[in-house]
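With the hints as extra help, turn the sequences into a complete structure.
So the protein lines, in turn, are chains A and B.
Going by my numbering, the residue at position 199 of the first sequence is 199; the numbering climbs one at a time, nothing skipped.
Going by my numbering, the residue at position 173 of the second sequence is 173; the numbering climbs one at a time, nothing skipped.
Treat the hints with caution; some may be incorrect.
The list makes no distinction among identical chains, and a pair is therefore deemed to hold if it is satisfied within one copy or across any two copies.
Derived pair list, reagent style DMTMM-like, types lysine to aspartate or glutamate, alpha-carbon separation capped at 25 Å [said to hold, decoys possible]:
1. K52 to E245
2. K149 to E33
3. K76 to D103
4. K248 to E18
5. K162 to D228
6. K162 to D182
7. K248 to E119
8. K150 to E18
9. K25 to D11
10. K248 to E33
Read the hints as simulated data drawn from the structure, not as lab findings.
2 protein chains.
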Amino acid sequence: MSRNSTLSSDDRKDALAEVQELRMKIRAGEWREATSGVGNGVMQANVVILPKEWADDFLIYCQNNPISCPLLAVSKPGSCLLEQLGANIDIRSDIPEYNIYRDGSLSDTTSDISSLWQEDWVTFALGCSFSFEQLLQRSGLGLRNIEEKKNVSMYRTNIETKQSHRFYGNTVVSMRPFTASDAIRAIQITARLPKAHGAPIHLGDPALIGINNITQPDYGDAVTIYPDELPVFWACGVTPQVAIENAKPPIAITHVPGKMLLTDWLIDDMLEF
Amino acid sequence: MSRNSTLSSDDRKDALAEVQELRMKIRAGEWREATSGVGNGVMQANVVILPKEWADDFLIYCQNNPISCPLLAVSKPGSCLLEQLGANIDIRSDIPEYNIYRDGSLSDTTSDISSLWQEDWVTFALGCSFSFEQLLQRSGLGLRNIEEKKNVSMYRTNIETKQSHRFYGNTVVSMRPFTASDAIRAIQITARLPKAHGAPIHLGDPALIGINNITQPDYGDAVTIYPDELPVFWACGVTPQVAIENAKPPIAITHVPGKMLLTDWLIDDMLEF
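Next comes the structure, spelled out in structure tokens:
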């Protein structure tokens, strides 16, 4: 538990009860939506599942790129559990929707991968920016994607990641619009949560990071940006999906962008300074 | 001393020796330049001197506006010392250049106010953004005003301060251009030094805070802003000079914008988190 945590044990119990209930709904196939704004202050995670033969290179890829790929946990090969992140997580069914990549191409989406499971699969969980959205809301900042009931906007950029053998590619970012003064506060607030990508990596002119049309996200939904607002860009855990397109493993499973694994880790326990 | 300070006692001695030597040069009239980039990591201060009758209102003005007017010290009435900020400071001669306001109008500038000194004068010292410039440089950020050997650019804005009786007016800001990623780092770094205005209050479009021509600062010099840079705006301790124009005390003395009082306080001792 972080020395910065101010959660009471009742708050803690309530948050865990809520996330476990929601995860059971997801497991039962009763929730297939994006998870922005849900889960009462828990860390949400991006997920990448790869055959063992590909896992070591990918682990180094995460270590090379800690801002876009902040590693929370790695499973034992073949294990469908992620005990570190929650005692009862079953990685085969506890994500609202999965992307299935074959030879680097997205071939299908599904809400359960039990029938595909292989004994050599390794699961990686990476922190997600949805985790800090509640911190921003607590500070009075409005989140356009939540206000407009949309998935967050995500874009491919021209910012190269650091290659690890077969894994390489450009960084994907999530974008939230803010007025300048709110952007300045958002930077200070999100810097406290490095395991959820920390401070933004860009703000202002999207073209400077290779985004040519801000109204057409590559993943998720477009949201309104008002004239007095700046788009603020955080590194995103969808970055590995670009690296998988390039590495072309025979099979790879990820979450569908915006539809995350809800963990039992409370963000209040993970705050820096 | 801040628990965050990492200064060795040798560093500390060197910094104090350097600032005291520089202050003696200023006292002797041998230095009348802007003080950006000088003083080895010491807190620089804005200065306002007012007759006692006006001082209480101004003290509340500072308390009402702690971002633009972060109060470091207040003198006893009639005292030309500021012992809290440096044992040998003589406020009548230790600033490179003074502005003299009469009835709210700038009437003169001078390098020594000894001949004007009144027994009812109270001196206020407010933190200055020059104090965090060395922190930014240590982190590898370039400061255009120092690179171009110019005074920092300062602008009147449309951001109202909180009035205290006769003192009111809009906020003055200092501006430093940065790329977006450097601006994001500058926000995190300067947030650690609230006594030097802390994090910026605006970035990006100057018109949103009432600055219609960024190439024509109201105080200091214009600096180059490259196409991939954003102007980043910090609240500035010249704000009281606008409030003095409005309050119209019979006499008020300030520093000339950019020509600051160098104190014995080391910024490393004042860092938050």
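Structure-based check of all given hints:
Proximity of K52 to E245 under the C-alpha cut-off of 25 Å is restricted to the intra-copy arrangement: shortest distance 18 Å within a copy versus 72 Å between copies. In this assembly of identical chains, the alpha carbons of K149 and E33 lie at most 25 Å apart only when taken from the same copy (11 Å versus 56 Å across copies). When the C-alpha separation of K76 and D103 is checked against a cutoff of 25 Å, the pair qualifies only within one copy, where the shortest distance is 23 Å, while the shortest distance between copies is 77 Å. Neither within a single protomer nor between protomers do K248 and E18 lie at most 25 Å apart by alpha-carbon distance, with minima of 38 Å and 60 Å respectively.
For the homomeric pair K162 and D228, the shortest alpha-carbon distance between copies (23 Å) is at most 25 Å, but the shortest distance inside one copy (35 Å) is not. In this homomeric assembly, K162 and D182 come within 25 Å of each other (Cα to Cα) only across copies, at 20 Å, whereas the closest approach inside a single copy is 31 Å. When the C-alpha separation of K248 and E119 is checked against a cutoff of 25 Å, the pair qualifies only within one copy, where the shortest distance is 20 Å, while the shortest distance between copies is 81 Å. For a Cα distance limit of 25 Å, the shortest separation of K150 from E18 inside one copy, 22 Å, qualifies, whereas the shortest one across copies, 57 Å, does not.
Taking CA atoms no more than 25 Å apart as the test, K25 paired with D11 passes inside one copy only; the shortest distance there is 21 Å, against 60 Å between copies. For the homomeric pair K248 and E33, neither the shortest alpha-carbon distance inside one copy (28 Å) nor that between copies (62 Å) is at most 25 Å.
Hints 4 and 10, counting from the list given before, are not met by this structure.
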